[in-house]
Amino acid sequence: MNKSRFLSWLYGETDVMEDILELDETSDESREQLKREKRRLRRELLRSGRAKKVIGAETKGFYALYHVVAVVSCIMLIGVLLFAVANLPRYGEENPETTEMVARYVEKGVEETGADNIVAGMILDYRAFDTLGESHVLFTALICVTILLRLDRKNMRKTYEDYYAIRGERFHDISREAIMRNVAAVLVPCIFVFGIYVLLNGQNGPGGGFSGGAVMGAAMIIFSAAFGFDKADRVFSKRLGAWVTFAALSFYSAAKGYVFFTGANHLENHIPKGTPGAILSGGLILPLDIAVGMVVAFTMYGFYNLFMRGK
Amino acid sequence: MVLTLTEILKILLLVLLVVCAVSVNLTKSLLQAVIIFLSYSSVMCILWVLMESPDLAITEAAVGAGISGTLFLLTLRRLRAVDDIEEGGEDGK
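Chains H and Y, in that order, give the protein sequences. The first sequence runs 15 to 325 under our numbering. The second sequence runs 6 to 98 under our numbering.
Honestly, the hints are just simulated from the structure, not real lab data. Don't take each hint at face value.
[Stated by the list, open to error] A few chain H residues that face chain Y, going by a derived Cβ cut-off under 7 Å, partial list only:
#1 Ala228
#2 Ala246
#3 Met314
Even for Gly, the Cβ is constructed at its ideal location relative to N, Cα and C.
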């Protein structure tokens, strides 16, 4: 196999198995006929009394098993959860694991992380591996939606007309409406700037990676809804989204992945923390914020895109 | 006991929150349920601001009231539950 063909398969442009695998060439009409024939046979089978009894017994047994499995798995899940809750410290009880950590975070947080916003200091410095897992959960969710809903290039809908033509429905193109277009032309830049502000200001004020990324994702959704897929594809293509998400996640993993091996103890930090309150402060918090924000924004937009034009 | 204006507002919003949460379950039309759920998110967003956690409020407004609403509506369209919106006769079929 030559290289360009391999690359084009890697990007999902061509299907390697296209000429090798047999395709079902039966026309729609004969398929309909087959379906009708099948239904007729099934009806006839059901009409004879004995078959009815047999089929009824079979399904009854199956459903009984179904209920038993459902009840057993529910009870097991409840048992596991109750066991976990029973091991938690009692509410309000003196518990060094929690109280000491909270005191340490509140008293020394600004000094140790260099972030004025103590929440950002916690989630991106002390507990950075939690956020690492969260961004990977988002990425996994996006991959699952892609596997379920993505169509190849031949079937991908470029416009709303295609979408409704395939489904045989009336269509109402919201991107042709003057109100939607004019409002979006004013609103989208403002929402984007607000999202970037929230993203970059995470270590000083309220906000951070997740909220900033969600605001930017909403702006991308409005852009796509108001100006159509073809224009949105020119700016935020699927390949750009994949590369940005990949780069952000690998940067985060490279920066904080080691904590899984050191038992959540941080290595000595050589990046200057800066003065708390300045934009370039908090050491690694700002780059990590940007990475999380990129992942969240492209995940939200990807969800919308796949739900809108996917299968 | 004298309640300040903020506390009265908080109590009103909490009552509204409970009303929204209950009426989502009682609504028969799926579209109405989604819209009530979005208003639940908006009320929750104001409550986060009153509870002095503005970063959660930003996230709630963007995700709860914005993006999840879009995804819910798209799912409803895929289920063909909102086909008749344009004729004004949505009967939640």
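Each hint, compared with the structure:
1. Taking 7 Å as the C-beta contact cut-off toward chain Y, the hint placing H:Ala228 at the interface holds, the least distance being around 4 Å.
2. Violation of the interface hint for H:Ala246 is found here, the shortest Cβ-Cβ separation to chain Y being roughly 14 Å, above the 7 Å cut-off.
3. Proximity of H:Met314 to chain Y holds as hinted, the smallest CB-CB distance being about 5 Å (cut-off 7 Å).
Checked against the numbered hints above, the structure breaks only hint 2 and satisfies the rest.
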